[in-house]
Amino acid sequence: MKISTVKLAATADSSQAVKLALANRNLLTGRERKFDPGSVIVSKTNVAGLIAYANTAFQEISGYREYELLGAPHSIVRHPDMPRCIFKLLWDTIKSGDEVFAYVNNRAKNGDHYWVFAHVTPSVNRDGEILGFHSNRRVPSKEAIEKIIPLYQSLAEIEKREKTAAAAAATGLTALELHVKKTGMTYGEFIFSL
Numbered sequence: 001m002k003i004s005t006v007k008l009a010a011t012a013d014s015s016q017a018v019k020l021a022l023a024n025r026n027l028l029t030g031r032e033r034k035f036d037p038g039s040v041i042v043s044k045t046n047v048a049g050l051i052a053y054a055n056t057a058f059q060e061i062s063g064y065r066e067y068e069l070l071g072a073p074h075s076i077v078r079h080p081d082m083p084r085c086i087f088k089l090l091w092d093t094i095k096s097g098d099e100v101f102a103y104v105n106n107r108a109k110n111g112d113h114y115w116v117f118a119h120v121t122p123s124v125n126r127d128g129e130i131l132g133f134h135s136n137r138r139v140p141s142k143e144a145i146e147k148i149i150p151l152y153q154s155l156a157e158i159e160k161r162e163k164t165a166a167a168a169a170a171t172g173l174t175a176l177e178l179h180v181k182k183t184g185m186t187y188g189e190f191i192f193s194l
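Numbering (the working numbering), first residue to last: 1 to 194.
None of these hints come from the bench; they were simulated from the model. Check each hint, because a few of them may be wrong.
[Stated by the list, open to error] Quick list of in silico lysine-lysine cross-link-like pairs, BS3-like style, CA-CA up to 30 Å:
1. K109 <-> K142
2. K109 <-> K182
3. K181 <-> K95
4. K182 <-> K163
5. K182 <-> K160
6. K163 <-> K95
7. K34 <-> K160
8. K44 <-> K142
9. K181 <-> K147
10. K44 <-> K95
11. K88 <-> K44
12. K182 <-> K147
[To be verified] Now the in silico label distances, taken between C-beta atoms and shown as ranges:
13. T29 <-> S193: 28 to 34 Å
14. T174 <-> K147: 32 to 38 Å
15. Y67 <-> G184: 46 to 52 Å
16. V40 <-> I149: 33 to 39 Å
17. S193 <-> D98: 15 to 21 Å
18. E189 <-> D81: 21 to 27 Å
19. D36 <-> D81: 23 to 29 Å
20. N26 <-> D98: 29 to 35 Å
21. N125 <-> F101: 19 to 25 Å
22. K147 <-> A167: 37 to 43 Å
Note that beta-carbon positions come from the ideal geometry of N, C-alpha and C, so glycine has one too.
Let the hints inform the model, and build the full structure from the sequences given.
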């Protein structure tokens, strides 16, 4: 599948928000934010992962205003405790033209965190060219999060042994694949079994 090279320029406001997010990326309050189980957090990005659309639910839960999100990388809400391999899996999957589901712990602007069950799909034109990505996030079950936290902690520990982010993501992904293989399920089956 061909990927479009159309880019979305970051605005001055989103650039400032990204700088602030990077400066405060390790500021964590330990407080979990909750959102309405009927809500759906929606965002759209270009192929580089720069946000082109953020619905009101996304703005409210993340604490960022629309003007701060538009043009910013989606990683603006990345929680530092998330294993890199989950994002490698996500990006590898959607760039190949497939959909992916994942449990993700995000970091709000003020350092709070919130868990989501994410469904990410490529957005394509009629020729099958990937123009960007579309993500819907819902409230995950408490039981699923209780099961995923120890796995993610284990993966993050494995990743810490590596010297580079790329090596950490690759090593973590191998560990995740081995974990899933032991269950006798595919990744998709494993995620939906939680």
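Results of checking the hints against the structure:
1. K109 <-> K142: holds (23 Å)
2. K109 <-> K182: Given that 30 Å is the threshold and the Cα spacing comes to 37 Å, the pair is violated.
3. K181 <-> K95: Distance ~23 Å between K181 and K95 Cα, so the pair holds.
4. K182 <-> K163: holds (27 Å)
5. K182 <-> K160: holds (23 Å)
6. K163 <-> K95: OK: K163 and K95 at ~26 Å, within 30 Å.
7. K34 <-> K160: holds (29 Å)
8. K44 <-> K142: holds (26 Å)
9. K181 <-> K147: holds (17 Å)
10. K44 <-> K95: holds (14 Å)
11. K88 <-> K44: Status holds; Cα separation ~18 Å.
12. K182 <-> K147: holds (16 Å)
13. T29 <-> S193: 28 to 34 Å: holds (31 Å)
14. T174 <-> K147: 32 to 38 Å: violated (21 Å)
15. Y67 <-> G184: 46 to 52 Å: Taking Cβ atoms as reference, Y67 and G184 lie about 48 Å apart, which means the hint holds.
16. V40 <-> I149: 33 to 39 Å: Because 23 Å falls outside the window, the suggested range is violated.
17. S193 <-> D98: 15 to 21 Å: holds (19 Å)
18. E189 <-> D81: 21 to 27 Å: 25 Å Cβ-Cβ, so the 21 to 27 Å window holds.
19. D36 <-> D81: 23 to 29 Å: holds (24 Å)
20. N26 <-> D98: 29 to 35 Å: With Cβ atoms ~33 Å apart, the hint holds.
21. N125 <-> F101: 19 to 25 Å: With a Cβ separation near 24 Å, N125 and F101 satisfy 19 to 25 Å, so the hint holds.
22. K147 <-> A167: 37 to 43 Å: For A167 against K147, whose Cβ atoms are near 27 Å apart, the range 37 to 43 Å is violated.
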